[in-house]
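**Student:** With chain A held as given, fit chain B onto it using these hints.
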Amino acid sequence: MSLFRTELRRLAKRRFARWMTAGGLLVLVLVAVGMFLSNQKVGPEQWAAAERSAEQQYQEQVRWAEAERANCERAKTSGGEFYTTDCESINPPPREAFEAQWYLPSTFEFRKTFGELLIPLAAILGMVGFVVGASFVGAEWNTGGMMNLLLWRPKRLTVLLTKLGALLTGLLALALPATAAWFGSMWLIANWRGTTDGMTSGAWQSFLLTGLRGIVLALVATTVGFALASLGRHTAMALGGAIAVMVVGQIGLGILLELAGVRFAEAWLLPTYALAWMTKTITLQDWRSCEATYTGECLPATLDITWQHSSVLFSVGVVIFLGAALWTMRRRDIT
Amino acid sequence: MRVEAGQVHGFLGPNGSGKTTTLRTLLGLIRPDGGRMAILGHEVPDMLPQVVGQVGAIVESPQFFPHFSARDTLSLLASAGDLPQQRVDEVLELVGLRDRAGERVKTYSLGMKQRLAVASALLKNPRLLILDEPANGLDPGGIREMRGLMRDLAESGMTVVLSSHILGEIQLICDSVTIISLGRRVAFGPVEEVLAQHSSGAVRVRLEAVADLPVAATALTRAGVRVTTNPDHLMLAGVDKPATVTRLLAEQGLYVSELAPIAVDLESVFLELTATAPVPGQHRQVDQSVRVDGAEPSAPAGGGWGA
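Read top to bottom, the protein sequences are chains A and B.
Taking our numbering, I'd label the letters of the first sequence as residues 1 to 335.
Taking our numbering, I'd label the letters of the second sequence as residues 336 to 642.
Just chain A, same shape as in the assembly:
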């Protein structure tokens, strides 16, 4: 227990961990401020303004159509050229084509939008967790701190797993209040700059589960960052690995799969699974196929990636990376 407390203290003392946490929270605050500034409540005034805008737009179209028809008639009389000879066909769109709701200001509908806003929260927590996790153990290896600690605590696996436990506890200490604050701040913004109508207990449950999946995603990213840096005994191993996966494994692979005409190319890319984890299901479509309906309509073939697929992928990834880190911790010499 003393080692666990020590590692928590060490984590809290790390300047890099503090700055990364502050940076991540700052981004979340900026998103919240952006949501506040870019939305407003919709009431009778906004509807009236929208109606006026729709009418104004319609009138502009009427004036334009009349001017065009007049030009057409003139061209017809003078024998000039015009793009059509059927001047009667130049008419403005009907009034009902200009819907007032198009001209409403942006408003924050909590029920409709908050689920999507949990994705950036999970992404930021995951990124902070990955980088801090990698640095937490990578710097220990790199600066000789790990060797010093092993001179006090020679049970290597206990040391590594305790460090990981402290790291994940630290992340939870950040993620749980941050998620609660995200829920609270967005609820307030929706109240001030939108609507919270339609929130049922089922909707709340769905959001809570999505938030929970976001925290799990951050924990997975943290564990993988920690394991990679421990494997390479340097922070750069994890960060370099992440960049390599993003550039070569995702962008490069994406282009290659596209060129090769592979069906459902996104199914080979990691972000698809992260998104599927958060949204429960992602449906990929193959536009180069035809699945005929009984009406003779051609629909693209689809492939559903579900959160269960993602959970299998993440579990396998954690087992492989953490297992390798533990194995090398046990077997490799400390030099």
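What the hints contain is simulated information worked out from the structure, not anything from laboratory work.
Note that the coordinates shown come from a computational prediction; the quantities given were computed from them, not determined experimentally.
Just to be clear, a hint being listed does not mean it is correct.
SDA-like, lysine to any residue: derived pairs with alpha carbons at most 25 Å apart [stated by the list, open to error]: (1) A:Lys155 with B:Glu528; (2) A:Lys155 with B:Asp417; (3) A:Lys155 with B:Gly376; (4) B:Lys441 with A:Arg9; (5) A:Lys13 with B:Arg406; (6) A:Lys155 with B:Met372.
**Tutor:** Okay, now just chain B, sitting in the frame of chain A:
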């Protein structure tokens, strides 16, 4: 290699001979491929967790997280080892870092880092202290302080194993030594015994009249002493009792103005035992030292520094 309790033991060897590897293996950082090791009566590495609380160690150059202060560094170690925080202040005082303890380690000189490393090793108040090159980077005053500290610790009952290349210090501080070469032991025992075993029995003789040196050389050679004649003195080898030299020369009517046994030091013994003494015009490679299986060190090849 065996270290008696309460002694200061010097662990010597040329670069690459395996000193640090031995210490790392002893401390569980490197997996042994054979043999038997025990610390304070406990077989290691199996029993290391039981005994590690009584072993303080620094291995090779001091390494610490550069952005923590010395106090934070030691405080975290003390916390990991369930030690009271007051012990941190005690060791900071002991190594002379009390007034700089709040500064980040990255601002420290090598000597200050070395002091911090020693402080971290002393934190446990160990029964066995293992120090790899503890004087590295220390100023002359620091080296003397370190010498005094080692002596005080040994007098308090602590066993100290000291690896160093400063052989003069080892000779001054240590009760016993182990010298290794290419991973094998080439000498072992109390410092005086090791020196005595490798003493050549050399004696320097000066006479009142330099002109008498050839006569004296002839008389001593006849008595079976190996003599080297120098312009102003004779060097004698294989002399068991210097008094016999006085008697032999007095019988010839020659009067001695100086009769000085040449004391061998640890450095010359080390260089002799490991065959690492520099040879003019040759560049010794790091693995060129003596093998205990009797093989001669290979002839220096070209290259190396300055080649």
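**Student:** Against this structure, judge whether each hint is valid.
**Tutor:** Hint by hint, here is what the structure shows:
1. A:Lys155 with B:Glu528: violated, 40 Å
2. A:Lys155 with B:Asp417: Satisfied, since the Cα-Cα distance of roughly 16 Å is no more than 25 Å.
3. A:Lys155 with B:Gly376: Distance of about 20 Å is within 25 Å: holds.
4. B:Lys441 with A:Arg9: Roughly 20 Å between the alpha carbons, so the hint for Lys441 of chain B and Arg9 of chain A holds.
5. A:Lys13 with B:Arg406: At roughly 12 Å apart (the allowed maximum being 25 Å), Arg406 of chain B and Lys13 of chain A satisfy the hint.
6. A:Lys155 with B:Met372: Satisfied, since the Cα-Cα distance of roughly 18 Å is no more than 25 Å.
Violated hint for the displayed structure: number 1, the only one.
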